[in-house]
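Working from the sequences, and respecting the hints, build out all of it.
These protein sequence lines are chains A and B, in that order.
Residue numbers for the first sequence follow the working numbering, so the first one is 1 and each next one is one higher.
Residue numbers for the second sequence follow the working numbering, so the first one is 1 and each next one is one higher.
Keep in mind that the hints were calculated from the coordinates and are not lab data.
Possibly wrong hints are sitting among the right ones.
As the list claims (entries may be wrong) - Simulated coverage check for chain B against chain A, where a stretch passes if three residues somewhere in it have a Cβ under 8 Å from a Cβ of chain A:
(1) 48 to 60
(2) 68 to 78
Unchecked claim - No more than 20 Å apart at the CA atoms, straight line, and that leaves these computed lysine to any residue pairs for SDA-like:
(3) A:K124 x B:L75
(4) A:K124 x B:R164
(5) A:K124 x B:F90
(6) A:K124 x B:K60
(7) B:K60 x B:L75
(8) B:K60 x B:G89
(9) A:K124 x B:D19
(10) A:K92 x A:K124
(11) A:K85 x A:V130
(12) A:K124 x B:N162
(13) A:K124 x B:G89
The C-beta atom is built at its ideal place from N, Cα and C for all residues, glycine as well.
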Amino acid sequence: MTETVRIALPDLVLPTGRLLPVLRAPHPVLTSPVPRVDPTDPAIVQLAADLLTTMASAPGCVGLAANQVGIAAHVFSLDVTEHPKTHTSHGKCVLVNAELVEASRNERGREGCMSVPDFTGDVKRATRVVVRGALPGTGQIVTITTDAFEARALQHELDHLIGLLFLDRVAGAHAVHPRRTYL
Amino acid sequence: MNELAVTVLGHDRPGIIADVTSALAELGGNLEDSSMTLLRGHFAMTLVVDVPVSSDVVEKRLAHLVERGLRVSVLPLPADDVVAAEGAGFILSVHGADRPGIVSALTGVIASVGGNITDLTTRLAGGLYVLIAEVALPADVDLLALNEQIADTAATLGVGANLRPADSELL
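Listed below in structure tokens is the structure:
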């Protein structure tokens, strides 16, 4: 296995996070696009901390979008550090109003989701991406250039924020599977 | 040779596929297309087999399975009855709260424009109903209008639906 390449983003200064319940499909907030928000708004900074805490509490969870905890705001958290399919990793991060700038080299892979706990699905995603977004608190714009599993996880979270689940991207009639283990 | 459709349904246990296929092999049968799966824990097998014997002979050879609680049917397939799926490939995803009528309403929309469903699976777990269909659409279909019709039908049912081109990479 290749070694993980770790790239550090600027440190986040966040309040103590709270553990929030994760919504499961079907739920309307999971299928509606969320609005952009002010990354310096204290409520958004608290949400960033809450997403990190909630994500860390679920074994195997590598990303969480705000609408998965019932909040319609363009924010997600991500941490693929421990995942075996990770190549490049930016560690624990939260992005606000993020957008996909570049995507290339599609590959099929299996995805799970805390909001769809009973299924996994085979989804084709770009394995090289560039994503730009704001950090919560400072509002500093950062650009993430990444690959492999972090690229997949970023696209999965960005999909949540436009109201799409992996079920909307699966490759065919036999690409949805009953879930046995999470991710 | 006779082309036969064989279906086997019933309570699952280890060895059903081995039993059925070894019986067909003993009769000189050659398995063509098949689908063998569990549907809510029930074993379900549908296959097309090319055999040098009649459907009655196959039925008799599989009779021991009926005695063991499985439901078996053997039907001759007319040789000239094959229609190739034509048109551009699309995938329809539907997911939402379970209720009667989701499959009929959305497949009805596809049928109304002459679309042919070439594969479809549905799954229900934890209150979430998921339908994924592979669809062949005629080349002259108005995709914008079809997408609108699918969205309207899905909204009436309170589910989400999404039709997109299927990937077909030729290597």
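Restraint status (C-alpha distance of K124 of chain A to L75 of chain B at most 20 Å): 39 Å, violated
- request: Mind checking the alpha carbons of K92 of chain A and K124 of chain A for me, to see if they're no more than 20 Å apart?
  value: 24 Å, violated
Holds or violated: K124 of chain A to R164 of chain B, with C-alpha atoms at most 20 Å apart: OK: K124 of chain A and R164 of chain B at ~13 Å, within 20 Å.
query: Can the segment 68 to 78 of chain B be counted as covered by chain A under the rule of three residues or more with Cβ-Cβ separation shorter than 8 Å?
result: Check failed, 0 qualifying residues.
query: Are the Cα positions of K60 of chain B and G89 of chain B separated by 20 Å at most?
result: Judged against 20 Å, a Cα distance of about 41 Å means the pair is violated.
20 Å Cα cutoff - pair K124 of chain A, D19 of chain B: 37 Å, violated
- prompt: Taken at face value, is the distance from the CA of V130 of chain A to the CA of K85 of chain A at most 20 Å?
  reply: 18 Å, holds
query: CA of K124 of chain A to CA of K60 of chain B, is that 20 Å or under?
result: 46 Å, violated
- prompt: Are at least 3 residues of the segment 48 to 60 of chain B within less than 8 Å of chain A when you compare beta carbons?
  reply: violated (count 0)
message: Check whether the Cα positions of K60 of chain B and L75 of chain B lie no farther apart than 20 Å.
response: Holds: K60 of chain B and L75 of chain B sit about 13 Å apart, inside 20 Å.
field: Satisfaction of hint between F90 of chain B and K124 of chain A, Cα-Cα up to 20 Å
entry: Cα-Cα ~15 Å, so holds.
query: If you draw a straight line from the CA of K124 of chain A to the CA of G89 of chain B, is it 20 Å or shorter?
result: 16 Å, holds
Checked against the numbered hints given earlier, this structure breaks hints 1, 2, 3, 6, 8, 9 and 10; the rest are met.
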